[in-house]
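**Q** The primary structure of each chain is shown beneath.
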Amino acid sequence: MNKMKNGTPPKGMPGNGMQFKRQNPIPTLMRVLRFVIKDYPFSCLIVFICLIASAVTTAYGTMFFKTLIADFIEPMLKTPETAPSYTDLALALSTVAAAYGIGVLSVFGSNRLMVNICQGTLKNIRDRLFEHMQKLPIRYFDKTSHGDIMSVYTNDTDTLRQLISQSVPNMISSVATVISSVVSMLILSPLLTLIALLVVLGAITVTKILGGKSAMFFRATQKNLGAVNGYIEEMADGQKVVKVFNHEEDSIETFRRLNDELYKTTKNANGFANIVMPIMGNLGYLNYVLVAIIGGVMAINGFGGFNVSSLVPFLQFTRTFNMPISQISQQINSIIMAMAGAERIFALLDEPVESDEGYVTLVNCKEENGVIVETNERTGKWAWRHPHQADGTVTYTPLQGDVVFDGVDFGYTDEKMVLHDIKLYARPGQKVAFVGATGAGKTTITNLINRFYDIQDGKIRYDGININKIKKADLRRSLGVVLQETHLFTGTVADNIRYGRLDATDEEIVAAAKLVNADYFISHLPQGYNTMLTADGASLSQGQRQLIAIVRAAVADPPVLILDEATSSIDTRTEAIVAAGMDSLMKGRTVFVIAHRLSTVQNSDVIMVLDKGRIIERGTHDDLVAQGGTYYTLYNGGKK
Amino acid sequence: MIKKLARLARYIGEFKKSTMITPLLMVGEVALEISIPYLMASIIDDGVEKSDIRHIVLTGILMIVMALFSLLFGAAAALTASKASAGFAKNLRFAIFSKVQNFSFANTDKFATSGLVTRMTTDVNNVQMAFQMLIRICVRAPLMLIMALFMAFRINSQLSLMYIGAILFLGPVLLIIAKKAFPRFDYVFHKYDKLNESVQENLTGVRVVKSFVREEHETKKFHKASDFIYKGFVNAEKVVVMNGPFMNLTMNTCMILICWIGAHIIVGTNGTEMSTGDLTSFLSYTVNVLMNLMMISMVFVMMTISKSSAERIMEVLDEELDITDPVSPVTEVKNGEIIFDDVCFSYSKNKDNLNLEHINLNIPSGSTVGIIGGTGSGKTSLVQLIPRLYDVTSGKISVGGVDVRDYSIKSLRDSVSMVLQKNVLFSGTIKENLRWGNSDATDEEMIEACKSAQAHDFIMSFPDGYDTLIDRGGTNVSGGQKQRLCIARALLKKPRVLILDDSTSAVDTATDAKIRDAFAKYIPDVTKIIIAQRISSVASADMIIVLDEGKINGVGTHEKLLENNAIYREVYESQIKGADFDE
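As you go down the protein sequences, you meet chains A and B in turn. If you use the working numbering, the first sequence corresponds to residues 1 to 640, in order. If you use the working numbering, the second sequence corresponds to residues 1 to 583, in order.
A hint or two may mislead.
[As the list claims (entries may be wrong)] Result set (DSSO-like, lysine-lysine): computed pairs, CA atoms no more than 30 Å apart in a straight line:
{"id": "1", "chain 1": "A", "residue 1": "K66", "chain 2": "B", "residue 2": "K224"}
{"id": "2", "chain 1": "A", "residue 1": "K143", "chain 2": "B", "residue 2": "K351"}
{"id": "3", "chain 1": "B", "residue 1": "K194", "chain 2": "A", "residue 2": "K135"}
{"id": "4", "chain 1": "B", "residue 1": "K551", "chain 2": "A", "residue 2": "K240"}
{"id": "5", "chain 1": "B", "residue 1": "K194", "chain 2": "B", "residue 2": "K180"}
{"id": "6", "chain 1": "A", "residue 1": "K223", "chain 2": "B", "residue 2": "K349"}
No lab work stands behind these hints: they were computed from the structure. All figures in this text were calculated on a predicted structure; none of them were measured in a lab.
Just need the whole structure built from these sequences, with the hints factored in.
**A** Rendered as C-alpha cells:
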C-alpha cells in the first residue's frame, strides 16, 4: 500500500501529514454550522422553529396537568355545583390536542427536513473534499498517507453525520425543553426551582468528571486503534511473506498484545460513558424526593400560595428537565469528539491547491496563407495561444514538442537538491533516454516537465515558452505519460483506454490498440474490449496492464511522450512484439524514455547518463561506448 | 440476522460471565426504577394530599435508598456491559486475525488488504455496538415495557386497556418502518463501500489523473456517485424518522385520553377508584411504555445496520482453510530432491482452465535450476506448489522423496525457503527483519547470509549498520537493496531448497552474478531454483526449464536449449543485443 514510487520523496511516518494541534472546538463547530446553514438556510430555520415548537407544546401539555387537577378534577370532586362541566373539560382538552397536533407536525417536520439537511451537507462535504482533492498538488499526496485521506472520507464524515443529525438537534431541543421547563417551574415556584437546579448542577459536575475520564480513555482507544489498524495493514500486506517464513504465531502474539491494550481502553472509555446515564437518572430521583419533601412542607403550610395542584406538575417538570440536562452533558462530550473529525475534514479543505499562474493555452488551429489562425474546429493541429500583457497582442506558436532544460536545479525540499544543473535539448521528434542507478533522478526529471513539481532554479522551455507561463492543464494535455506503476480504473478496457481521450470513438480505440500490438490480447479477453476491470485491473497480468496503459497514452495522441519503465513488466519476448508498435507510436514525437533494458535505450538520439542528480555523460549509444565511461561499464557489465 | 449473531456468540468466550450478569443487573435496575414512580405517587397521595410530612420523609428516604440501589445496579451493568462488549470485540478481532494468519495463499487471494482492515476495525466496532445494545437495551426495554404495563394495570386496569390499543397501533407501525428501512439501508451501505473504493482508486492513480488532466472527469464521476449515495441515504432515513412523529402522536393521544378518562374515573368514583396521585404515576408509566416501545424499534434498526458487518466478519471466519496439516505429518525433509509427477494446477480449481498442465520434472538434490518463460507462462505458479503455498489440482509433488502433502506445513516451509516476487520488509531494524528467517540467528550467521546475498556492504554503509530502521513496507531502501535483504532473510533459514522468484530483477547484473557465485560456494547442497527474466541469471544452471502457457516447452542446459529450443533462442537473441542498466 505504501509502496515507494519512483521519483517521489520518501513519505514520513504514516499520519504525519495530518497531525495538528488540539484546537478550541468552538470555532470548528461554528464552521460546521455555517456550512450546514449556508446550504440549507430555509430548512434550518424551519427545523429550528419546529424544535422550539415541539418543546413548547410538550411543556404546555405538562402544564395542562396542573389545570386538570386544580381547575377540573378537584372542583368537580369537592364543589360539584360550581365546578366546570365535562364539556368545558372537553373544550380544554381539545386545545391541548391542537397544541399536541402542532407538536407532532413539528417533530415530523424537523425529522424529515433534518434527513435532507444532514445527508445533503454530507454529500456537499464529500463533493467538496473530492473536488478539492483533485486540485491538490502531487506533493500533498507524497506527504499524506492514503489511509489518512481515506479516513477523512469514511470515519470523519461519519462522526460529522452523528453531529449534524443527532448531537446538534438534540442539543437544541434539549436546551429548549430545559428552558421551557425552567420557565414553567419558575412560574410555579422560584424557590423550589432553585433547589432543583442545585441538584442538577451537582449532576452536571458528576457528568463532566465522568465525561472527562471517558474522553481520556477514548483518546487512548483511538491511539490503540490506530496501532492495531497499522499492524493489521502491515501484516495483511505481507501475508504471503508471513506464510513463507512460518511467522504466523509470532504475528498472532504481537497482535494479541496490541489487541489487549485496545480492549482495556475501550472497556474503560465505554464504561465511563455508559455509567453517566444511570447516575443522572437516579440523581433525578434524588431531586424528585428533595422537591417532594420541601414542596410538600410548603404545600401543607400553604407557603407563598403553593399548593398540591402546583406540586404535582412541578414534580413532573423536575422529571422532564432532568432528562435533557443529562442529554446536554452527554452531547457536549460527543460534540467535542466529533470536532476532531471535523478538524481533519477542514484541514483537507484548507490545504492549498496546486497554484497555476499559467496563461498560455493550447488551441486548435489551422494555417491560412502561412499564418496560424485559431479555430474551434477539430483540426488535429494545435498551437500555443500566447497573450502578451504588455501590448495586448496574441501570438500563436505551433505545438511541436521542443523541450529545453536550462541549468535546472531541483529538490523536494529547499534544503536538499536532488537534481543539479540539468541541461538538455530535445528537438521535436527526438528520442531522449535516461539511464542511471535507482535514485539517480531519472523519474524526477520527467516529473518536472509536466510540472508535478516546480523547480528551484533554471528554466524549462516548451516550444520556446517557459513552462511556468503555460496553463498546467494544457501543458499536461500535450504530454503523454506511461508510468512504471500502472493504474487502471474500474470500468471496461475500452473505458480505460478512452481515459486518454474522452471523445475517442471505438474505431480509434481499436486503431490505437493495433498500433502498439495490444489488439490481439485485448480481443482475446473474455469480453474483448468490454471486459470489466476491477481493483486496478487485478485480473490482468502486470504486463497486460502496462500494455493497456500504453494504448491509453497512444489514443491521447500527444506530441511528447514520457515512458517511465513503460515496458519493464513485459517479458522480453512480448516486448519484441510490442517494440514494433512502440516504434510506430514514437514516430514523429518527442520521447523521453527511462529504461534499464539496453534494447529500449540503444536507438535513442541522445542518451543521458545520470548519477546522483547530475548528467555525467551524454551522447548517442556509439558515442558513449566509444567514450568508455560509465555507460560503457554498465553496458559491458551487462554483457558479461 | 439473529442466527448470524448467535453464531458469533461463541466468541464471547471468557466474557460469558459479564455477558450473563449484565441482563441480571438490568433486571434489578428495571425493577427498582419501575417501583419508584409508585413511591412518587404515594408521596403525593398519602403525603402531600393528606399533609403527612412524616410519610413524605419516610417514603422519600425509601425512594432514595432504592434510587441508590438502582444506581448501583445501573452502574454495575454499565461496567459489565462495556467489559463484555469490548471483550467480545477483542475476541472477535483476534479470531479474525488468527484466521487470516492461517489462510493459505488461495484464501488470501480472495480478500483485499483494505477489506481485511475494515473487517477487523469498522465491522467489529459495529458488531460491538450492537452487542452492547443487545445485552443492555434488549433486556431493559422489553422488561421496562412489561413492568410498566404491569404497574399501570395495578393502578387502574380499565385505563390500562388503552395501552393495548396504543401498542396495537404503534407496534405494527414501528415494525413496518423497521422492515421497510432494512433493505434500503443494506442497499445504500453497499453502495457507500463502492464510493469509498472509488476514492481509494483515485488516490492510488492520482498521477494518472493529473497526467491526463482528468480532474474534472473524475469529479463529475464522483458527483454522480455521491448524489446516488445521498438519494439512497435520504430514501432509507426518511422511513426511519417516521418513528418520531408516530411515537409522538401515540403518546399525545394517550395523554389526552388519560386526562379525559382519568378525570371521569376520579370524579365518577369520587376518588376511591383512582386518586390524582395515581393519575400522575399513570402518566409517567405511559411515557415509559411508549419510550421503550420506541427503543425496541431503534434496536431493530441498529441491528440491521450491524447485520452486514456481521456478515462480512462471518465471511472471513467461515472461509474454509484449504491447506491444513496431515494427520500424522512427516517433520523432517531429508534432502532437496524435487519430483513433479504429472502435475496439473488451476487457481480456480477448474480442470478446464488449467494454469499448469501435466508438468513432469525430476530435480536432483543440490542442483541449480533456472526457469524462463513469458508473462503468464506459469513460472510463479510452478514454484509456489513446492512449499505448498497452493495445492496441486492433480498429480503429485514430492520433496526429499515424500509427498509435500504428507509433511507438516511448518517443517516443509522451513526447509523450502522462497523469496517472493512481490516481497515486503516489515517495520523494524534490519536485524529484526533478518531474524524472520531464523529467530535465533547469531550476528555472525546474519553477516554471513548478508555477505552471500551481497547485502553486507550496503548495510555497513548505513550509519546504524544492522540496526538501521526499516520503514513500513521497506520504503527507505532501494528496490535492489530490498531484494538482497529478502534473499539474506531466506538464506538464514538454512533451507534444503531455495527458490528465487524473479528476486534479483532490480539488482545489477554484476551483483546478480556475485550472488550466484556465493550460492555455488556456500550452499552447494541446497537445491536452488531461480526464476529470471534475464538469460544471464540462468545460463550457468544445471538445468533450465522453459515454460510456455503453462506447459514445459523445453528442459536442458543453456547450450542445449540454444540448439533445440526456439523460445529460448528467441529470448536469448533479444537480450544479447541489450544488457541491463540498473545500479
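**Q** All hints are to be evaluated individually against the structure, with a verdict given for each.
**A** Hints versus structure:
1. Distance check on the hinted pair: A/K66 and B/K224 sit about 56 Å apart at the alpha-carbon level, beyond 30 Å; violated.
2. This hinted pair does not check out: A/K143 and B/K351 have alpha carbons roughly 47 Å apart, beyond 30 Å.
3. Restraint check: the Cα-Cα separation between B/K194 and A/K135 comes to about 22 Å, which is no more than 30 Å; the hinted pair holds.
4. The suggested pairing of B/K551 with A/K240 holds, with an alpha-carbon distance near 25 Å, which does not exceed 30 Å.
5. Under the criterion of a C-alpha separation no larger than 30 Å, the hint pairing B/K194 with B/K180 is consistent with the structure, at around 23 Å.
6. With a CA separation close to 43 Å, the supplied pair A/K223 and B/K349 exceeds the 30 Å bound.
Checked against the numbered hints given earlier, the structure breaks hints 1, 2, 6 and satisfies all the rest.
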